[in-house]
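Engineer: Work out the full structure, taking the sequences as your base and the hints as a guide.
There are 2 protein chains.
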Amino acid sequence: MARSASALRGQILESALRLFAVHGFRGTSLQDIASDVGCSKASLLYHFAGKEKILTELLTPAQDALATLLDRVAGLEGGRLVEETVVGYVDLTLRFRREIRLLFEDITEMSCHQDLNVMELADGLLDALAGRSQHPPARVAAWMVLGAVFITSATDDEVAPDEVLRAEMIRSALRALDHTPS
Amino acid sequence: MARSASALRGQILESALRLFAVHGFRGTSLQDIASDVGCSKASLLYHFAGKEKILTELLTPAQDALATLLDRVAGLEGGRLVEETVVGYVDLTLRFRREIRLLFEDITEMSCHQDLNVMELADGLLDALAGRSQHPPARVAAWMVLGAVFITSATDDEVAPDEVLRAEMIRSALRALDHTPS
DNA sequence: ACGATAACTGTCCGATCGGTCAGGACTGAC
DNA sequence: GTCAGTCCTGACCGATCGGACAGTTATCGT
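Order-wise, the sequence lines are chains A and B. Positions in the first sequence are counted from 1; adding 212 to them yields the numbering used here. Positions in the second sequence are counted from 1; adding 212 to them yields the numbering used here.
Just so you know, the hints here were simulated from the structure itself, not pulled from any lab data. No false leads were slipped in.
It does not matter which identical chain is meant; a pair holds if it fits inside one copy or across any two.
With a Cα cut of at most 25 Å, we get these calculated SDA-like pairs of lysine to any residue:
#1 Lys265 x His235
#2 Lys263 x Leu278
#3 Lys253 x Leu270
#4 Lys265 x Leu333
#5 Lys263 x Arg309
#6 Lys263 x Val234
#7 Lys265 x Arg238
#8 Lys265 x Ser241
#9 Lys263 x Phe316
#10 Lys265 x His325
Structural biologist: Laid out in structure tokens, this is it:
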């Protein structure tokens, strides 16, 4: 049942991306992918040198797109630089949504599982950050701040002294929320 | 060698937090923790019902702190609500830095490993978002935007239609960067 | 001193997973 | 037809991991 010119390869990548995005990379076994595709596990390893190579091939387009963006803005400066970078970065993340999701699935699973109910609390936090507003723009901004603070706090300490880090995180977050200081 | 009142429990939690923060939850085996503490793997399972229970106990204080924060701002509204929530959330993430890091370690490891060099590109992106500035405030804001867009793009589609999501992500990001539109 | 309880450990087990390998099946060139 | 090369598979392997359990050691109340 040898398929033409390894159409199987494409199916493997597609199944892998979908399963990775749902159960995470580590949470998806080669057998899971093989079952989803409808082939044997050995077949995966015929087309790809290893499990990680599948992930690599899945993430490479996004990496290349990012590299292209950086090249494009390399000559810019000032306002144009920031503007083009932001727009380009946003478009890029939207285009590679599933790829980004797969990176996060491990966190989601870890937070949801067990006795913890972090997700419920995250909803409450989102609500408060949005000022109890249900307007999509406010909700999006709330998500932005949630993610921004979360990731920035995990940053290397050397980025900025703790006091600067704290003050600037607060100011930047309030700006993102379009909050006019009272 | 029965230690007094299970001082071992505390050491286990401390070692686990440190190892989880470095190698991730899945990347740290019970044996790793046991070796680090200097006891047997069976001893871990005497004090904790399972590996996940260790994680639970590690994450519970942060969860409780978040719940407390939400309680505190429950009665507020308007500007005060947003302000207090942001400050409280920032302080909270800073206080539980290591706990948050452990959630991210899997991503970091996945991005660094293999042939991908995402981290290098992330540096370039950070540079551009900061407008090539090396000032800590600008760097922090750049980190904020990097994380904000990254996480928001992984959000459920139902938060906002794609067009709204895109437009608002861009506007919010530019505000966070204190960018005055040209 | 001694029994009871808590603290701790060595050893074993089942399951899972990534990966290897020899060989079968199909295809196209000659 | 046949030969070579590509595609694919079942069976197997070694390693790892979380966990179970019986048994040992230390602690403490009496």
